[in-house]
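Participant: What follows is the residue order along each chain.
Number of protein chains: 2
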Amino acid sequence: MASRGTTSRRILELAESLLQRLGYNGFSYHHLSQELGIKNAAIHYHFPTKEDLGLQIVEQTRKRFNKWCNNPENRILPVKQQLDWLVQTYHYNLKLGNRVCLIGALATDYYTLPASMQNAVKELSYELQHWTARLLENGRESGVMDFKGRSNHKALCILSTLTGSLQLARLLGNERHQQIVDQIYLDLNLTY
Amino acid sequence: MASRGTTSRRILELAESLLQRLGYNGFSYHHLSQELGIKNAAIHYHFPTKEDLGLQIVEQTRKRFNKWCNNPENRILPVKQQLDWLVQTYHYNLKLGNRVCLIGALATDYYTLPASMQNAVKELSYELQHWTARLLENGRESGVMDFKGRSNHKALCILSTLTGSLQLARLLGNERHQQIVDQIYLDLNLTY
DNA sequence: GTCTATATACCGATAGAC
DNA sequence: GTCTATCGGTATATAGAC
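Line by line, the protein sequences are chains A and B.
Just so we're aligned, residue 67 is where the first sequence starts under the working numbering, counting upward by one.
Just so we're aligned, residue 67 is where the second sequence starts under the working numbering, counting upward by one.
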């Protein structure tokens, strides 16, 4: 199992990258072993099955997200800066090599995933949606931003947009992503 | 090659369904042959390689889209009805069994696709974006809808939202899709 | 146009030496 | 903790009979 050994971390990091670039069914232990300069048996030592590896990728992302959200320093940040952080998280995927977001990658492969991974990515998306809805609700109440309808629906809408944006960027050009983000801010009566 | 023989059409239809449910790397000739009650060699007779099959799926969708857009009966429809048609196209994927849209499915698998498919899906997304931008531009000029910024950016934003929405629906529940669509209409100062 | 049979490659995974 | 070696399964694809 993966704890914090260097090799484990290198495997996990590369696997996350490949998953978001090629999809869950698009990368293999062979890809990993070649690029890391080790044999596939070594990877199986750290992650016995591909399900173990995939699950840890999702759980790692969940922990990263929840850690940021629960950090008191971040919780007291102005609403707009918290939204900026969310948006930068997506933009970071683009910069790292046209990755799509983890949720989008796993959603399109969803019905081929082991149940443990399905449940984990469901949890992640639920937490993300909940946090974003609260953020927007606060933003509207405090007059920082403006939008119609329920904050929960607007949150779902914005998260869908960010998810789709990284995918369209692959087809229509990376500059499209920033244009879409600008439009989101415009629709919220904000400037990025 | 596939023309209009019954078997070819059955293969193409099932392959399209599997592609949008399981991803390009998530379905096989074995899946197809089992469900159609024929042998995988028969499928190779109609579609020699998986690339041939995948390419025809994309080209079929392109033709379907362009045929609708270029139909004079549809071109004279009120702007809102044309937008409704676009939105229903996405909703239809959901009804057919939680399919994601073709563009979303192929975008996440993009870097594992043969070049011919990459080019075809690029073309499709370009045509879709162009048509949607013109639709929104007309809608705003005629006072049917309202939004800030460039119509081209708003079009990209809405298409991203619809793409992501079918994916989030898998994780958060199908009812989320309609909520997201309602929000899109609300943001356009329209009612669905 | 569909079949049986098979070629070839790659996949995830394991046994056992070091 | 990493290696060599290999198993069993499945993938795409083809040859040739019917």
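One should not assume that every hint holds.
For chains that are exact copies, the list does not tell them apart, and a pair is met inside one copy or across any two.
What the hints assert, rightly or not - Computed cross-link-like contacts, DSS-like style, restricted to lysine-lysine with a CA-CA straight-line distance of at most 30 Å:
no.	residue 1	residue 2
1	Lys116	Lys146
2	Lys161	Lys214
3	Lys105	Lys133
4	Lys188	Lys129
These are computed hints drawn from the structure, not numbers from a lab.
Participant: Hint by hint, note whether the structure agrees.
Facilitator: Results for each hint:
1. Lys116 with Lys146: neither (39 Å within a copy, 47 Å between copies)
2. Lys161 with Lys214: Close across copies (28 Å), not inside one copy (32 Å); limit 30 Å.
3. Lys105 with Lys133: neither (33 Å within a copy, 52 Å between copies)
4. Lys188 with Lys129: within (14 Å within a copy, 35 Å between copies)
In the structure shown, a violation is registered for the earlier hints numbered 1 and 3, in ascending order.
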